[in-house]
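**Student:** Sequence:
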Amino acid sequence: MKKIIGLVGETGSGKDAFCRYIKKTVKKPVFCFRFSGPLSETLKIFFDEIKKEDQQWLGIVLRQRFGKDILAKAIAKKIKNIKKGIIILNGIRYWEEYKTIKNLGGKIIYITALSKTRWERLRKRKEKKDDPVFYRKFLKLEKAKTEILIPKIGQKADFKIENNGTFTSFYKEIRMIMEKLKIE
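Quick note: the sequence shown uses the numbering used here, first residue 1, plus one each step.
Just so you know, the hints here were simulated from the structure itself, not pulled from any lab data.
Check the hints yourself; a few may be wrong.
[Claimed, not checked] Each computed DSSO-like pair below joins lysine-lysine, with the alpha-carbon atoms no more than 30 Å apart:
| no. | residue 1 | residue 2 |
| --- | --- | --- |
| 1 | Lys172 | Lys27 |
| 2 | Lys102 | Lys143 |
| 3 | Lys160 | Lys68 |
Could you build the full structure based on these sequences and the hints that come with them?
**Tutor:** Structure follows, in structure tokens:
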């Protein structure tokens, strides 16, 4: 049997760390997909380095052209044939993505942290070309159309993790949620 977990959270809140921890500690197969995955794959065809601003733009254009649920449909298609294990869908940003996960019987976890903490993490990880930005620019990116619903969707989540502390405290929170979801 498969269990679906949707992650909603601001940039740098710890969603990827959540996925890594689950992959490392859960005995069942774990599959992690990002809603931004199809955007990154598309941009990689054209560019060596990906910027968050480009992902935001492409996501908006695709939603305008093909409907607000286009990325939710893409992810649902990717996970359709997975029959057992834990499926983590990372990076919910729109209500259509939230609804898709809920309709598939999934649970939503909101991972959040203070903006200054998230900015510091982002500067260290350097995942995207525009990651090591100035704090002002980081705050501006947070106000983009693709980011503004995150806290509202987070309010509807089944679980919430305030990830402002250490990895140890973060992992403890994750373990408590996994126990509630009966995931070993």
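**Student:** If a hint holds in the structure, say so; if it does not, say that too.
**Tutor:** To see whether the hints hold, each was checked on the structure:
no., hint, result
1, Lys172 / Lys27, "holds, 17 Å"
2, Lys102 / Lys143, "holds, 26 Å"
3, Lys160 / Lys68, "holds, 25 Å"
Every hint, counting from the list given before, is met by this structure.
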